[in-house]
Amino acid sequence: MSTLLGSFIGTKKNILLLLILAVLLALFFIPAFLSKYSVYLLTVVLFTSLLATSLNISLGYGGMLPLHQTVFFGVGAYAAALLLNKSPLLPLLSFLAAPLVSAGVALIIGAICVRLRGLYFGMMTLAIGQLVWAIVYRWYEFTGGDDGIHGIAVPDVLHSISAAYYISLIVVSACLLIIYIILNSPFGIALQAVRDNPQRCESIGINIHRHQLIAFVLSGFFSGVAGVLFVILERSVSPSLLFWSESAELLIMVLLGGMFTFMGPAFGATVIIVLEVFLGVITEYWLLVLGTVLVLIILFLPQGVIGFVQEKISAGTAVERKGADRFASG
Amino acid sequence: MLQVKKLVKSFDGFLAVNGAELTVGKGQIVAVIGPNGAGKTTLFNLITGHLVPSQGTIEFKERDITGLSPHKICHMGISRSFQLINIFPKLTVFENVQVSILSRKRKILNMFSPTKKMMVEETYRILGKVGLADKAHSLSTSLSYGDQKILEMAIALGNEPELLLLDEPTAGMSPEETASTIKLIKELASSEGLTILFTEHDLDVVFGIAEKIMVMQQGRTIAQGLPADIKSDKLVQAAYLGEEC
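Just so you know, the protein sequences line up as chains A and B, in that order. Here our numbering runs 1116 ahead of the position in the first sequence, where the first position is 1. Here our numbering runs 3 ahead of the position in the second sequence, where the first position is 1.
One thing to keep in mind: the hints can contain errors.
[To be verified] Once the Cα atoms are required to be at most 27 Å apart in a straight line, the calculated DSSO-like pairs of lysine-lysine come out as:
| hint | chain 1 | residue 1 | chain 2 | residue 2 |
| --- | --- | --- | --- | --- |
| 1 | A | Lys1128 | B | Lys120 |
| 2 | B | Lys119 | A | Lys1428 |
| 3 | A | Lys1128 | B | Lys93 |
| 4 | A | Lys1129 | B | Lys119 |
| 5 | A | Lys1129 | B | Lys93 |
| 6 | A | Lys1128 | B | Lys119 |
| 7 | A | Lys1428 | B | Lys93 |
| 8 | A | Lys1129 | B | Lys120 |
[Unchecked claim] Facing chain A, from chain B, some residues (calculated, C-beta under 8 Å):
| hint | residue |
| --- | --- |
| 9 | Phe91 |
| 10 | Met114 |
| 11 | Asn162 |
Calculated from the structure, these hints are not laboratory results. Heads up, the beta-carbon is just placed ideally off N, CA and C, and yes, glycines get one too.
Starting from the given sequences, assemble the full structure and let the hints guide the process.
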C-alpha cells in the first residue's frame, strides 16, 4: 500500500514537472508563429510576472505590505540605463549591477520600514518610494528628469524583439526557480512563520526584523532584474516607472492570482496585461472593467484565482492526505 | 539557574509586577501561582524578553539577561509556551516543530536546501515524545484544543531549552487531557533533564508536580518555598488559598 501511495505522489509531482516543461517548450517555440507585437507583449508578460512574484516574496510570504514595489523596478531600470550610458562598465556588468542597486535601495527603505507593522509599513514604503520618484523626476542633469532617458546603449545583439524575448524567458525562468527554492528553504519556511506569528517566532529564537529585511531586499533585487529586462526591451526609461499607480496595479495582479500561492502573481500579471491590451482596444474605460474584476475577486475569491484552484485540488486529495499521515506514523 | 531580583514592571504607572523575587535551581520544577491579575504572565514576558523591566535584574546561568531581546534569550536556552494558543496556523504540525529546531541549529538563513529533508528525525523524535507523530502532516489548526496546547509545548521543546517556561499548560483542557499533560511534563523533566517554570490555576496540578512554589499577589512575591511550607503559610492562605482549600 505504501509503495503504491508513494508512486502515486511521485507521478503527481512528475505530472507537474511535465506541465512546466511543456509550458517552457511552448514559450520557446511560440514566437515563430506570432506577430512581432505579440512577442513584444509576451516579453512584457514575462518580466511583469517576475515583478509580481518578487512583490509576493514580501507581501504573501513575508506578511509585509509594500505599497510601492515598482520603485525597485524603476531603480533597476534607471540603474541599468545610467550604467550603460554613462559608465565604462561592460554591458553585461551593467546588467548584473543594476539589480544590486535596487537591492541597495531596498536595504535602505527596508531598514527604515521593517520595524513598522501593517498599514504603517505600507504608508512608509509609499512615502519613501514617492520621494525616490520625485528625485528621479526632478534631477535633470543625472536622470533626465521628466524626459526620462532615451536611446539607451543596449548592445546591438539585443536590439531585436525576439532577442529581448528569449533573454527575458531565460532570466525570468531562472529567477522564478531561484525564488521557488528560496521560499521552500528553511529561510522561506521561517519567513512564513514570521508572517503568521511574529511573537512566537521571537520566542523560538528568530530575529524577525532581520528576517523580514532580508526578504525585502531579495524582493527588491528581483524587481530590479525585471527592470533590467524592461530596459533591454524598451531601450528607454521614464519616471512614470516609479510612480505609485504602477505599484497599485501590481498589487491588483497579486491579489487576482492569489498572494498565498507561488504562481498566483504571475497568473494575475498575465491576465491583467492581456485584459489591458484587448479591452484597451475596445474601450477607453477598461479601468472600469479592472475595478469590477477587483471588487468581484475581493468579494468572492479572496484567496485569488490560483488560491481557489489549489484549495479545490487539496480538498479533493484530503482523503489521500489522511492516508499519507497513517503512512508517516506507521 | 534563574535568579529574579526586585523585578518591577510599570505600565503607565500601573505596577503589574512590583518587586518579584524568584530563584529556580537546575532540574527543579517550579510553579508560580497567584490570583488573576497577580502578574504571573507579565513576569514570564519579562523573563523571556517580550517586555523590558522597569527595574530589577534577571540572571540566567549567572549572566545578566535583563532587557535582552526574545530571540537572544531563546538562543541562551530559555524557551516557553503561551497561555493562549500561539502556533503557526498555516504550517503543518511537523513544520511547526521543524522551524523551531531549524532556528536552534541556526539554519534559518539557509536559502538553498529544501526544508522537506531537514531535521526530519529530530522533529519526529519530539513529536513522538509528546504523542503527536501520527498527526505530523495535518494542518496545525486542525488539531483539537488539547493537542494544540501540546503542540505549543512541542514547539518550545524544539529549541532544546535548559529552562522551559509553561504558561498555564493545562488551561481549558478536559480532566483526562490535564492528567496526561501532567504526566508528560513530569516525563519531560526527568528524561530531558529540563528545568521547568510554570504558572497554573489548577492547584491540584500545582501540588501534583511542583517541587517549589512561588506565590504572587498584586505583582509582589509574598512567599516562596516547598509546597508543604506554602500550604501552611498564613499569608498565602489569607491571600489566595484560603478561599479555595
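Hints and how they fare:
{"no.": "1", "hint": "Lys1128(A) <-> Lys120(B)", "verdict": "19 Å, holds"}
{"no.": "2", "hint": "Lys119(B) <-> Lys1428(A)", "verdict": "23 Å, holds"}
{"no.": "3", "hint": "Lys1128(A) <-> Lys93(B)", "verdict": "23 Å, holds"}
{"no.": "4", "hint": "Lys1129(A) <-> Lys119(B)", "verdict": "14 Å, holds"}
{"no.": "5", "hint": "Lys1129(A) <-> Lys93(B)", "verdict": "22 Å, holds"}
{"no.": "6", "hint": "Lys1128(A) <-> Lys119(B)", "verdict": "17 Å, holds"}
{"no.": "7", "hint": "Lys1428(A) <-> Lys93(B)", "verdict": "17 Å, holds"}
{"no.": "8", "hint": "Lys1129(A) <-> Lys120(B)", "verdict": "16 Å, holds"}
{"no.": "9", "hint": "Phe91", "verdict": "5 Å, holds"}
{"no.": "10", "hint": "Met114", "verdict": "5 Å, holds"}
{"no.": "11", "hint": "Asn162", "verdict": "6 Å, holds"}
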